[in-house]
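Q: For reference, the chains in residue letters:
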Amino acid sequence: MTVKRLETGPRMSQAVIHHGTVYLAGQVGEGVGVAEQTRDILAQIDSLLARTGSDKSRLLSAQIWLADISTFAEMNAVWEAWVDPDNTPARATVEAKLAAPKYLVEIMVVAAVAG
Amino acid sequence: MTVKRLETGPRMSQAVIHHGTVYLAGQVGEGVGVAEQTRDILAQIDSLLARTGSDKSRLLSAQIWLADISTFAEMNAVWEAWVDPDNTPARATVEAKLAAPKYLVEIMVVAAVAG
Amino acid sequence: MTVKRLETGPRMSQAVIHHGTVYLAGQVGEGVGVAEQTRDILAQIDSLLARTGSDKSRLLSAQIWLADISTFAEMNAVWEAWVDPDNTPARATVEAKLAAPKYLVEIMVVAAVAG
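One line per chain: the protein sequences are Y, F and V, in this order.
For the first sequence, position 18 matches number 18 in the numbering used here, and the numbering has no gaps at all.
For the second sequence, position 82 matches number 82 in the numbering used here, and the numbering has no gaps at all.
For the third sequence, position 10 matches number 10 in the numbering used here, and the numbering has no gaps at all.
No lab work stands behind these hints: they were computed from the structure.
Owing to the predicted nature of the structure, the values given are computational and were not obtained by experimental measurement.
Misleading hints may appear alongside valid ones.
No copy labels: a pair is met if it fits in one copy or bridges any two.
Said to hold, decoys possible - Heads up, simulated SDA-like pairs for lysine to any residue below, C-alpha to C-alpha not over 25 Å straight-line:
no.	residue 1	residue 2
1	Lys102	Gly20
2	Lys4	Pro85
3	Lys97	Asp86
4	Lys56	Pro10
5	Lys4	Asp86
6	Lys4	Lys56
7	Lys4	Asn76
8	Lys4	Tyr103
9	Lys102	Pro85
10	Lys4	Ala100
11	Lys97	Ala114
12	Lys97	Arg5
13	Lys102	Asp86
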């Protein structure tokens, strides 16, 4: 029962791997507007997945929180340009106020890794 | 590390199977009122689980979002009539605005499958 | 494909174990204020994990909902005093109205267990 962790801080780890599954922390991003923040978040997810031996074609599940659900289409445009269209994850998107007002979107994913 | 997907669209898959676990997308339903929408959602979940070789007695975890938390009891009545009482999942229910105003409830589950 | 459940009620189980992973139900707590409720919740999580053969050093992922996101720092102080700093989980925290107005915080975790 080995658990591996990446970027472990006193509050959370950015990635936790167990039994061939990696759990990423909810990612927020910098940028003006939902599209820019979503792009920043997805780049962070790419980077974290790469360091665990996974990638976006192995996504299992995603949760997306939008500070304002009226930005759903704007987020989706960036999301759909990013995902592997043949390997999209299960997903749910709801509105929620995030940890700081500057954050407009947060994304948390689970993915498959080798092992 | 095989990942299997059902109803894969450009945005999400409705079900993703990995390591004996199936992750369903958040399901929303049609109908007037929370009870009717919940029944519709649970029928969709039954159908998706059946196609993955799972069923509601193998639910591991569920997240439920209600557009109005005051409908908690109404949703629970339908939920409790549906679940296998000896095999209920871990669950959390919170209020959140959903992707469109017509949606009053969304449910996302994780279940065990053979393999 | 064995699934084990603890404290199974007609609505949910408090813990569900499958393939070396335990899924806990969202926990709420008693107490005046977020700090006190968070301490109560984390004690419940300790107890449930212990009964599944797991513990807080094996946390994989956590979701935290705050009824008022302005209590983020207050919750985090209790959280950071509790977690194993070398083994923190992936985590996301958002604001959401919970099942009853008296509940100020809810926490749902996934952890590794032997087997």
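Q: For each hint, tell me whether it holds in the structure or not.
A: Now for the hints, and whether the structure bears them out:
Neither within a single protomer nor between protomers do Lys102 and Gly20 lie at most 25 Å apart by alpha-carbon distance, with minima of 34 Å and 38 Å respectively. Taking the closest pair of Cα atoms, Lys4 and Pro85 come within 25 Å of each other only across two copies (14 Å); inside a single copy the shortest separation is 29 Å, beyond that limit. Taking CA atoms no more than 25 Å apart as the test, Lys97 paired with Asp86 passes in neither setting, with 32 Å inside one copy and 29 Å between copies. Taking the closest pair of Cα atoms, Lys56 and Pro10 come within 25 Å of each other only across two copies (13 Å); inside a single copy the shortest separation is 27 Å, beyond that limit.
Taking the closest pair of Cα atoms, Lys4 and Asp86 come within 25 Å of each other only across two copies (11 Å); inside a single copy the shortest separation is 28 Å, beyond that limit. In this homomeric assembly, Lys4 and Lys56 come within 25 Å of each other (Cα to Cα) both inside a single copy, at 19 Å, and across copies, at 14 Å. In the homo-oligomer, the alpha carbons of Lys4 and Asn76 lie at most 25 Å apart only across protomers (23 Å), although the nearest pairing inside one protomer, at 31 Å, exceeds that limit. With identical chains, the CA atoms of Lys4 and Tyr103 are never at most 25 Å apart, being 28 Å at best within one copy and 33 Å at best between copies.
Taking the shortest alpha-carbon separations for Lys102 and Pro85, neither the intra-copy value of 30 Å nor the inter-copy value of 28 Å comes in at or below 25 Å. In this assembly of identical chains, the alpha carbons of Lys4 and Ala100 never lie at most 25 Å apart, being 29 Å within a copy and 37 Å across copies at closest. Proximity of Lys97 and Ala114 under a CA criterion of 25 Å is satisfied in neither setting, with 35 Å inside one chain copy and 36 Å between copies. In this assembly of identical chains, Lys97 and Arg5 lie within 25 Å of each other by CA distance neither inside one copy nor across copies; the values are 28 Å within and 31 Å between.
When the C-alpha separation of Lys102 and Asp86 is checked against a cutoff of 25 Å, the pair qualifies neither within a copy, at 33 Å, nor between copies, at 29 Å.
The structure fails hints 1, 3, 8, 9, 10, 11, 12, 13 (numbered hints given earlier, in ascending order).
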